[in-house]
Every structure is written in structure tokens, then in C-alpha cells.
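> Single-letter residue listing:
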Amino acid sequence: MRALRRPVGVTGVVLLALVLFAAAFGPVLWGERATAVDTANLLAGPSAEHWIGTDNLGRDLFARVLVAARLSILLALAATAIAMVLGLLLGAAPMLLGRRLGRLVTASVNVLVAFPGLLLVLFFAVVFGVGARGAALAVGLAGAPAFARLCHTLIAGVSERDYVAAARIAGVGRARMLRRHVLPNIAEPVIVYATMTAGAALLTFAGLSFLGLGVQAPDYDWGKLMQDGLNGIYVHPLAALGPGIAVVLAGLAFNLTGEAFAAGPRRTHVLPPAGPPSPATAPARNSVLSADDLRVTIPGPNGPIHAVRGVSFSVGDGEAVGVVGESGSGKSVTALAVAGLLEPPVRVQAGHLAVAGEDLLAPGAHRRLGTSLAVVFQDPMTSFNPAHRVGPQLAEVSRFHQGLGRRAAFARAVDRLRAVRIGDPERRARQYPFEFSGGMRQRAMIGMGLMGEPRLIVADEPTTALDVTVQRQVLELLADVRRDTGAALLLISHDVSVVTDVCDRVLVMYAGRVVEELPAKDLRALARHPYTRALVAAVPDMETDLDRPLAVIPGLPVDPVDVPAGCAFAPRCPLADDHCRTVAPPLRDGVACHKAGEAP
Amino acid sequence: MSALTFHEVSVRYGAHTVLHEVSLEVPAGRTVGLVGESGCGKSTLARAAVGLAPITSGSILLDGRPVPTRGRRPVQMVFQDPYSSLDPRMTVGESIAEALPGRPSRQDRQSEIARLLTLVHLDPARAADLPGQLSGGQRQRVALARALAARPQVILADEITSALDVSVQGAVLNLIRDMRRDLGLSMLFISHNLAVVRYVADHVAVLHAGRIVEHGPAARVLGDPRHDYTRHLLASAHPLKEHT
Ligand SMILES: Nc1ncnc2c1ncn2[C@@H]1O[C@H](COP(=O)(O)OP(=O)(O)O)[C@@H](O)[C@H]1O
Ligand code: SF4
Ligand SMILES: [Mg+2]
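Sequences listed follow chains A and B, in order.
Using our numbering, the first residue of the first sequence is number 271, and each one after it goes up by one.
Using our numbering, the first residue of the second sequence is number 24, and each one after it goes up by one.
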């Protein structure tokens, strides 16, 4: 019901309530008035007694418009119901009938969707004959193909989900699958679409009745009233316009309501005013990245999310620094802040945040950074535009930042693809991202970062979606690139072994803070923070003792909306005491723990 | 518990052959680890055993008889993505109940759900929760409980820990080992992580480009690999060791 917070939604829902009220109670409240013949006032114009005049029998037109609401709305809803049921059946055909028959149905639907809707309506209206029932069938049938296509797409999306496969394996039949798993999960968009279709059906009906193909006397809907009023349009325009306005208002009511719900809840969450800013500080010397007291706050439905809560670190020229921690610990948000990719309403605060000498807290920093920063994300499919070929996408970087011409930029793109060891780069540069395997896309993404001369590469889980052999190739490639270009690396991963193998230094994050910072080679044996130790112990390696259960970290990670006072790790820490629970330990000598190094 | 046997199974999609006459046995009460890089056909092999992938030739047998691929399967599967494997609109209890055989009374159903949730180390009160209220690791445990609800002879676990945080992965792996010990489950455990496979599997099979290239006791295959590809995999398991 969050749609109701939007003005459009409120207008739609109020209008719809009025229209439905007229449809429900119109005939009861105004039925008598609408049929009362007033021979003294035949075809009269608007007056205090007859707001929009009377018809040729002297019946009050305003009352007739209100009474006609019921038939108009009922017919529109009936047609929508027909379209929806047929559409659902056709859309579910591939699932109910099996692949082959289903494909036939889908192909036919696609042909029908291509026909102009009005043509279909008129065709069916003639086939089913003049009258309300025929018109309802015609409008319903004509609306079915579009519905079928929507349902087909939605159902196909749901059918791919593993829970459908799991239900099949558990022996759930097709009909039950549709009822229990598919329909509930597509209901929302279907209902929204049906609401909008009802609005359109209303207009179509008015059109059909107006043309004499729909409702026949003595019944009347808005279209019929419009037709009747047409004769006197020059003398009493309101007689035709009145029902027309009713059609428009009712159509709007359906459409606005549907649209408001389709647009979904708008985020109206706002952050409370910022606390006192961190005192401005100067970036560390000889560093390509320097952050002091970095804080990132994201507006969330249940209050501000404190994703990063005061992180200070620097990356020296050419250094490789790793960041590890559980999901939700703020690693990715830190990476996004460093890449200058966070925008309001997300709030970024820091004493300073500088990359390659550029102050990222000043506006336009991302652009000024140009190519001195390269970014690689976990899923490169989302980083490439799927509609463009890979080569030109790489070339774009050089054209934008280095002002190269089209041809020179493309040549550089091919050269960079070769540099990241993509075989046959000329051909590959002309392919689309989906023609690349996951590992190749990841290398192409690194290639894009190398279009310029990066001083820092930020890589967020660059190998998580890849398997061991490809993962190794990507990591080797990053190592080679660093050797060749001298670029520094900020490598984010939840995989402790990847980070220890690639990096010089490691930051361990928990609940938006760095809890330990140490040389990578010391991570396994010399960690002092209980969390770091637990994290390392939880990962099986090729030497893990097979006779003992794996170490686990009890409990759940901290909810960043509600970070406890004191040490955030205390609820899961075997060493925690009352002091830990009240006083947050500062990061001192590379570790933030009151009992650093103590044995549990 | 029963043995699951793949006998010269081939799977072809159009012109592309995904599996070439794969033969593999999951002995009764044992866990077989299946390793190999993504796209080599690991998931296809598992899906074929539950009728989710069409086999072109060969046969899949459960204790010598063709494994049923309709109705409630005696072979159950747990999937990789914890965010896609539970219906977001069904409570944990409803998801599990759906897999229960027969038509148990309301009371039997509830006690069985509670038993299964306890078995996977979840609080039975969780039965009323929707998946949205659970973490990834908890969801994966529910998926496991649902698979167990169907009283399976064999469980296929397809990369069930790869989407999880390392801190949670350990708990799920411990659970898998407990269940093998307590229930004597036969299991095909698919993973690209060799250390994980080493920890849970008795046997290891290595799949490369749709063919089994090596197969044997876990300690032997991982300790003394005979096939070049297995060596290559093992070397990759320590990324960049020779670099640093
Ligand atoms: N766009 C976003 N909207 C709302 N919350 C977000 C958004 N991005 C991240 N968060 C939240 O910020 C916290 C830190 O997330 P993240 O940096 O992605 O963690 P990590 O990378 O360590 O897994 C999490 O609680 C996450 O849900
Ligand atoms: S400060 Fe206390 S609770 Fe926090 S990690 Fe150290 S010992 Fe554990
Ligand atoms: Mg992340």
C-alpha cells in the first residue's frame, strides 16, 4: 500500500473508489430519476434541475450517466477477466502442455500480438455479432494475446528458479505447480497489468457502443449515451460530452491506480542530519589511496544503514592490499566509495578520501580521476552493456578520457584485449559480451581498466563467480598487470586464501570497521583478533584435519541498521566480557580488540 | 540406503554434447565428490538423475533399476543458489511439507517438519518464517531439510556451499558430515572447491569436458593424482603459489 503515498496513486485510488461506488449503487440511488419521463423537458439543455440536460424522452442525463456506470464497468471488467484467464492459460501453455505444443502456442501468440488491437476487436465484434455479450467477448479475446505474452514472460522467469525444479523433484504435479508456485509469484504484475487493461477496455467499449456494435437499447452504457447525444451535439454538446467525460475519468482511475502500483514503492527514506564532520586531514604520503575515518550511510526502509563506520587505511604506490570479511561487512561499499561511485542519497563522509592525488569528496571526482583508477567487479556481465560489442566499449574509454580517434581507440582496445591474453582479439573485439565466457569477460573488464594507465586497480570479488582454473588465470593476470604497470591493487574477497596469495597486506572488516590490519603472510598464524582467527579457521584447506569438525563462527553478522554499543563482535566472541560490550575497541597497533592475542 | 549408478550416460543439447558416456557409481552410504571446472557438465549429470536434463543414451540406475524421473523422486537434489531455491511466498514449513510423502495428518506433518528442522540444526519455530527472514546458510539448511523430507535414497548436492560465506560454509559442511554418519546417506557432492570436497567425500571423480578422467578414493585422487588434468586442478587450488 505504499503506492498510496504517491499523489498519482491517491488520485487514482480516490477516483476509482468513486467510479466503483457509482457502479455499485448508481442504479439503486438514481435509477428512478434516470427513467422518469419529463415530457415538459424534451432534449432540454443544462439547468439547475437537469445538470447536463435531458434526452429525447426528457429523462435526466446526469442520472443516466451515473446509472450507466454499472453496465460500463461490468462489461470492462468482464472483458478484462476473459482476457486475463485466456492470457494466463495461453501463457502457461509451455508449462502445462510440454515443450513442443507450448512452443506452437507461443509462436501463435506472438503473431497475434503483432496485429493492431483495434482490428482484432472489430473482427471479433463482427464475428460474435452485435450486442453487449458479443462486444465483451470481442474485447476480451482481442486483449488475450498481450496478456498471454506478459504471462508467458513472467512464468518463464519463475520456472527457471530452483524452487520450481525442487518442487518437481519432490513430485509436485503441473497443475499444483501452477497454483502453488507460479501464480502467487506472478500475481502482482499481472494484477497491475489487468487494472490498466480494464481502463483500456472501458474506452474500447465506449467506442464499440458508440459505433452501434456494443450495447443495444433499451440498455445503455456510456458509449450508447454518447451515441444518443451525438444528434444534438451542436445544440447541447454536454449531452454527448457528459458520458464522454465519465469514460475518461473512469479510464484514468484504472490507469493511474495501475501505474502507481506498477511503479512500486518510491523510496522516501531520508537520512537524519549528518553528525559533526570528521576533522579534515591530509592524505598519507607516497600513497595512491588514502582514506581517513571513512563513513558511508545508506538510507534504508528500517532506518539508516551504517555500512562503513569509520575506516582509515592507505595503499602505497604499487602495493597490493586485500580486504576480507563476511558479506555485509562493508567491503563492497568501501570499494564503491574509493571508486567515487557513490552518489546521494548515500552519504559519504571522511577526514579525507584521496585517490591518485584527487580529492574524492569534492564533486566531479570520478571524472577527474580519468583512467588512473580501474575497477573490476564480481559480475562483469553487469559492467558491460549487453547491447554493444566489446571492442567499442573498451575504445569508448580512450575516446572519452584520452581523446583518441575512433580508429586509434579501437586499435588500442584490440591491443589491450591481447594484453589480457584473450585469443584472437580482432575477432573477439567485434563480439558481444554474451559471446564471452565468464572468465573472458572478467579479463576483458581488466582490459578495459588498462585502456589508460591505472595507478590503482580496485577489484571487488573479481573471481568469486569463476571456478578454480579460471580464477587462477584471472589472479595471475592481475599479478602480471601489476608487474608491468606498477599499479597498486585493492582486492576485495570473502576468500581468505585468494587474498593471502595475492596481497602484501590485509585489512579484515567486521560490521563496517577494520578490526585488524596485518601482513598477508601472517594471516594464518599470527592473527590477534578473535574474528580474524575464527575466519581463517573456518576455511578448509588441503591440510585440514579430517577427523574434526570444522570451526564455525556462532551467531549471525551484525545488522548494520542496529549496531550494538561496544565491540560489534562481542555477541559472537568467546572472549567477550562486560567491558567489550560497553566500550568499542579502537584500532591500535593494527588490531581493534581489548584482548588482542589472548587465547580463547 | 541405495547405490546410484550412471551407466554410459550421454547428454546432448542440439549439436553440443555435454556428457560423453559417463559411468560413475555412488555406493550405498558413501559420499562421492564430483569436481571439475564450471561448464564441464557436473550439474547436468546431477540434473539427469532427477529428470531435469534429458539423457540421449545410457541409463541411470538405483540399486540396479532405472531411477524414476516422474513423481516424488527417490533421488533428491539441493541447489547452489540459496536465494532461488525456496519459494519466497511459502513458509519454511510449507516448503518442507510439500516434499513429504503420502498425506500425513496435520499433527504428523508438524512433528515431521520439526524433526527435519532439528536435524539440520534449525529451530523448529522457524517453520513459520518466510525465506526472506533467513540468511543464506539457513536457507540452504531448509533446502536440505526439504530434500530429506522426501525420504530419498540418494542426495545430490550441487555446489551447495559456493554461494555462502566461509563462516557459514563450515557449518553446512559439518552438517553434511553429521548426516552421512547418522543417516548413512548416499550422496553425490558437487563442488569446484577441492578442499571442500576433500573434507566431505570418500571418493572423488574428476569430470573434464564431459568425461570422467579420474576416479578413486579421495585420499588417493587428491594425494597422488594420476591424470594431468587432476594435477592441473590441484595446482590451481593453491592459486599463485609459485608466483609468490
Ligand atoms: N544499494 C544499497 N542499498 C541498501 N543497502 C545497501 C546497498 N549496498 C549495500 N548495502 C548494505 O550495506 C552493508 C554493507 O554491504 P557491502 O559493502 O555490500 O558488504 P560486503 O561487500 O562486505 O559483502 C550491507 O548491510 C548491505 O546490505
Ligand atoms: S573486544 Fe572483546 S568482544 Fe571484541 S573481539 Fe576483542 S575480546 Fe572479543
Ligand atoms: Mg561484496
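In short, the hints are calculated from the structure, not lab data.
Treat each hint with caution, since some may be false.
Negatives, chain A to chain B, calculated, CB over 10 Å [as the list claims (entries may be wrong)]:
#	residue
1	Arg-431
2	Ala-435
3	Ala-436
4	Ala-440
5	Leu-481
6	Asp-498
7	Glu-596
8	Ala-657
9	Arg-697
10	Glu-723
11	Ala-804
12	Leu-816
13	Leu-820
Negatives, chain A to chain B, calculated, CB over 10 Å [unchecked claim]:
#	residue
14	Thr-309
15	Arg-373
16	Ala-437
17	Val-442
18	Ile-461
19	Arg-669
20	Asp-765
21	Ala-821
22	Ala-835
Only part of the chain B face toward chain A is listed, based on derived beta-carbon distances under 10 Å [to be verified]:
#	residue
23	Leu-47
24	Leu-85
25	Ser-108
Yeah, the Cβ is synthetic: ideal placement off N, Cα and C, and Gly gets one too.
> Decide, hint by hint, whether the structure agrees.
Verification of the hints:
{"no.": "1", "hint": "Arg-431", "verdict": "violated, 5 Å"}
{"no.": "2", "hint": "Ala-435", "verdict": "violated, 6 Å"}
{"no.": "3", "hint": "Ala-436", "verdict": "violated, 6 Å"}
{"no.": "4", "hint": "Ala-440", "verdict": "violated, 4 Å"}
{"no.": "5", "hint": "Leu-481", "verdict": "holds, 44 Å"}
{"no.": "6", "hint": "Asp-498", "verdict": "holds, 49 Å"}
{"no.": "7", "hint": "Glu-596", "verdict": "violated, 5 Å"}
{"no.": "8", "hint": "Ala-657", "verdict": "holds, 24 Å"}
{"no.": "9", "hint": "Arg-697", "verdict": "holds, 20 Å"}
{"no.": "10", "hint": "Glu-723", "verdict": "holds, 23 Å"}
{"no.": "11", "hint": "Ala-804", "verdict": "violated, 7 Å"}
{"no.": "12", "hint": "Leu-816", "verdict": "violated, 6 Å"}
{"no.": "13", "hint": "Leu-820", "verdict": "violated, 4 Å"}
{"no.": "14", "hint": "Thr-309", "verdict": "holds, 61 Å"}
{"no.": "15", "hint": "Arg-373", "verdict": "holds, 15 Å"}
{"no.": "16", "hint": "Ala-437", "verdict": "violated, 6 Å"}
{"no.": "17", "hint": "Val-442", "verdict": "violated, 6 Å"}
{"no.": "18", "hint": "Ile-461", "verdict": "holds, 14 Å"}
{"no.": "19", "hint": "Arg-669", "verdict": "holds, 34 Å"}
{"no.": "20", "hint": "Asp-765", "verdict": "violated, 7 Å"}
{"no.": "21", "hint": "Ala-821", "verdict": "violated, 6 Å"}
{"no.": "22", "hint": "Ala-835", "verdict": "holds, 23 Å"}
{"no.": "23", "hint": "Leu-47", "verdict": "violated, 20 Å"}
{"no.": "24", "hint": "Leu-85", "verdict": "violated, 14 Å"}
{"no.": "25", "hint": "Ser-108", "verdict": "holds, 4 Å"}
Hint check: violations occur at hints 1, 2, 3, 4, 7, 11, 12, 13, 16, 17, 20, 21, 23, 24; the rest are consistent with the structure.
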